[in-house]
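Asks: The listed protein sequences correspond, in order, to chains G and U.
Be aware that the first sequence starts at 0, since it is given in numbering that gives the first Met the number 0, and climbs by one per residue.
Be aware that the second sequence starts at 0, since it is given in numbering that gives the first Met the number 0, and climbs by one per residue.
No wet-lab data here; the hints were simulated from the structure.
C-beta: ideal position from N, C-alpha, C; glycine also.
Possibly wrong hints are sitting among the right ones.
[Stated by the list, open to error] Stretches of chain U that chain G covers, calculated by requiring three or more beta carbons in the stretch to come under 8 angstroms of a beta carbon on chain G:
#1 49-55
#2 83-92
#3 106-117
#4 151-159
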Amino acid sequence: MISESEGGIDTPRTVAAPQATTDRAAWALRAAIQGLGRPALAILIAGLVGGLIILLLGNNPLIAYGILWSGAFGNRISVYSTLQFTTPLIFTGLAVAFSFRAGIWNIGVEGQMLFGAFFAAEAGYLLRLPAIIHVPVAFLCGIAGAVLWALIPGLLRALLGINELVVNLMLNPTALLITSYLSGYPFKAPGPTNKTYDIQPTAQLPQLTTSSQLNVGIFIALALALVIFAFQMFTAEGYELKMIGLNPIFARYGGLNVTRSLILVMVISGAIAGMAGVEEALGVDHAYYDGFSPGYGNQGIAIAMLAKNNPIGVVFAALLLGALNSGGQQLQLQTNITRDFVNLLQAVIIFFLAAEFAVGWYRYQRQAKGVPRAAVAAEEGT
Amino acid sequence: MNQIFDLELARAVIRISVPLIFAGLGGLLSFNAGVLNIAMDGFMLVAAFAAIWMANLTGNLILGILAAMVAGVALATLFGYFNLRFKANIFIAGIAINLLASALTALLLVGIYNQQGSFVPENIPTIPTISLPIIGGIPGIGAIVDGHDPLTYLAYLAVPITAFILFRTRWGLHVRAAGENAEAAEVVGVNVFWIRMQTIWLSGAFCGIAGAYLSLVYVGSFSRDMTADRGLIALAAIFFARGKPYVMLIVAVLFGASQALAIRLQLQDQLPSQLLQVIPYAITILALIVVGIRAKYFHTTVRGITFGS
């Protein structure tokens with residue numbers, strides 16, 4: 000992308016969606032490879048900034064990154080831990096990416112996830128059902144809770160045109176406070192920690208290992224990524240949502256019901272966000288713990304931006320952040336660098352990917368030459 | 000109930016509102032210039048740390064406050080430049096700044112002071128209090144208003160000053176022009192980029208004072224994430240007031256009152272504090288709904304908040 004902007008390509012390429020299925024897959028693959036440049040650069044910059052901070056804190060960056068690596072992939076236990084962190088991050092990454100792609104800024108994933116976890120934990124505790132029904136029912140309850148919360152910004156945007164970013168910004172701390180109240184007072188289990196009662200054994204997601212909390216949630220996450228990929232690549236509805244994201248006014252003139260799609264996107268994105276919480280409540284914690292999330296929702300934003308909203312890319316970006324989370328735990332144990340280091344790297348990644356640098360200049364040049372904005376954006380694979 | 004509402008609570012409301020007012024004034028300037036400053040919480044947090052760091056190093060409060068303002072302005076430069084020059088989405092860039100501030104200060108807290116939770120420096124002098132000559136003598140009000148520190152009085156004084164600058168000076172006119180219609184402002188010769196950058200810098204400086212007040216004056220220590228979303232609450236006050244300084248002051252004091260009450264009730268274990276802490280966010284969402292209804296039926300769109308649909 001950057002080299003293109005320097006070279007200057009004068010002939011506008013047509014970006015109409017290819018007809019044949021194989022062509023479309025090849026086109027997606029090419030776009031994915033082309034798109035690697037900027038995320039790779041952002042990761043590199045984050046690594047350098049992180050290295051400087053490590054130096055500032057009086058550590059050797061190479062040794063620190065070595066600890067980070069071995070904490071993420073050093074042995075079997077650390078790989079399990081990485082995968083366990085990756086699971087909720089795939090969900091939150093998918094939730095954010097799904098909405099961003101359709102031009103809706105669902106940055107309220109954190110709050111939706113909290114409600115998903117709380118509702119799933121309560122359904123897991125209160126209901127008495129055989130395991131084969133209990134798990135799906137608790138799963139759906141969690142999703143329902145998250146969707147209800149996601150409908151607030153969705154409906155306000157659709158019906159009154161209120162910026163969903165502002166609403167989500169206010170709803171995230173609200174969700175944290177409400178779930179904190181619920182798990183600290185009316186639904187609190189006896190004991191010193193603020194948590195709900197443990198869920199019934201029938202509601203627990205099956206564990207994959209005996210030495211970690213890794214559970215079947217990771218397969219659900221991977222399957223979901225594939226389903227969303229197929230939905231976006233091969234269905235008319237998926238294509239419509241992308242068009243709405245690129246240019247809602249044009250999409251409306253093209254006969255699409257933008258309002259309906261907007262609510263649909265928030266519902267689906269909220270449902271996926273809820274699954275992150277469900278997986279944590281039913282698979283990892285087996286209850287709702289106040290403050291269980293180290294910011295999975297915000298990490299989802301970094302993941303979606305790294306993946307350029309591509310669901311398959313989300314899996315890999317989630318693995319990267321999962322590894323950082325897992326390695327960050329080791330780093331905290333062995334040095335004076337706390338787990339906040341991961342958030343620092345993530346902040347730098349978000350910051351640099353949010354900026355448009357050369358791409359912005361490139362887009363400006365193309366637009367000045369009369370290439371429609373949507374065409375330029377599509378070309379960049381956004 | 001007589002244990003809850005007393006003189007001390009009223010004084011606490013005045014003090015706890017100070018960071019909200021400072022941050023609110025800074026954010027209000029950029030709001031009027033058409034920039035939603037989501038990053039105020041990050042500015043405040045870094046400033047709060049810088050204030051404690053410098054004050055601990057020198058034993059001087061003024062230097063601490065200056066360091067906080069420098070830190071706020073430095074972070075504001077980063078934020079403003081990325082937003083205005085590189086067209087970063089302001090919400091995403093703001094989230095990144097807040098995340099960065101939280102992580103950086105937590106890392107430095109361990110790195111410099113070897114403290115995980117909070118650092119209490121011992122050499123920081125307490126800020127002197129001022130006794131007001133005439134108002135202090137008024138029965139009732141006097142006991143509430145008298146004897147606070149200079150920064151507190153500065154916060155309340157800064158409101159009319161900001162209002163004057165915004166509505167009675169040429170620069171203020173340019174700010175509002177940049178916010179209301181950037182294209183038209185450019186046509187008549189206002190440098191919108193420059194005006195917006197100036198307001199972002201000012202909000203950095205204001206948030207710097209807010210952060211310094213929080214760490215140096217209000218508690219005398221730094222603890223991780225000590226701003227507790229005050230930047231967001233200040234933003235909520237600005238939204239609610241739609242950029243009007245005096246309305247913002249009233250809203251900020253109301254939000255401050257709910258905070259002071261939350262602390263009081265938590266201490267007495269009478270009501271879950273979370274329910275009171277929710278108030279600013281809930282009120283803001285209600286205010287947004289009102290703004291949305293007005294936009295829809297009376298066609299008064301508010302830049303950045305409502306879309307003409």
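Asks: Each hint needs a verdict: does it hold in this structure or not?
Replies: A quick look at each hint next to the structure:
Counting residues of the region 49-55 of chain U whose CB lies closer than 8 angstroms to any CB of chain G gives 0, which falls below the minimum of 3, so the coverage claim is violated. Counting residues of the region 83-92 of chain U whose CB lies closer than 8 angstroms to any CB of chain G gives 7, so the stated coverage by that chain holds, three being the minimum. Under the rule that three or more residues need a Cβ within less than 8 angstroms of chain G, the assignment of the region 106-117 of chain U holds, with 6 such residues. Note: the region 151-159 of chain U has 0 residues with beta-carbon separation from chain G under 8 angstroms; the three-residue rule is not met and the coverage is violated.
When the structure is compared with the earlier hints, violations turn up for hints 1, 4 and for no others.
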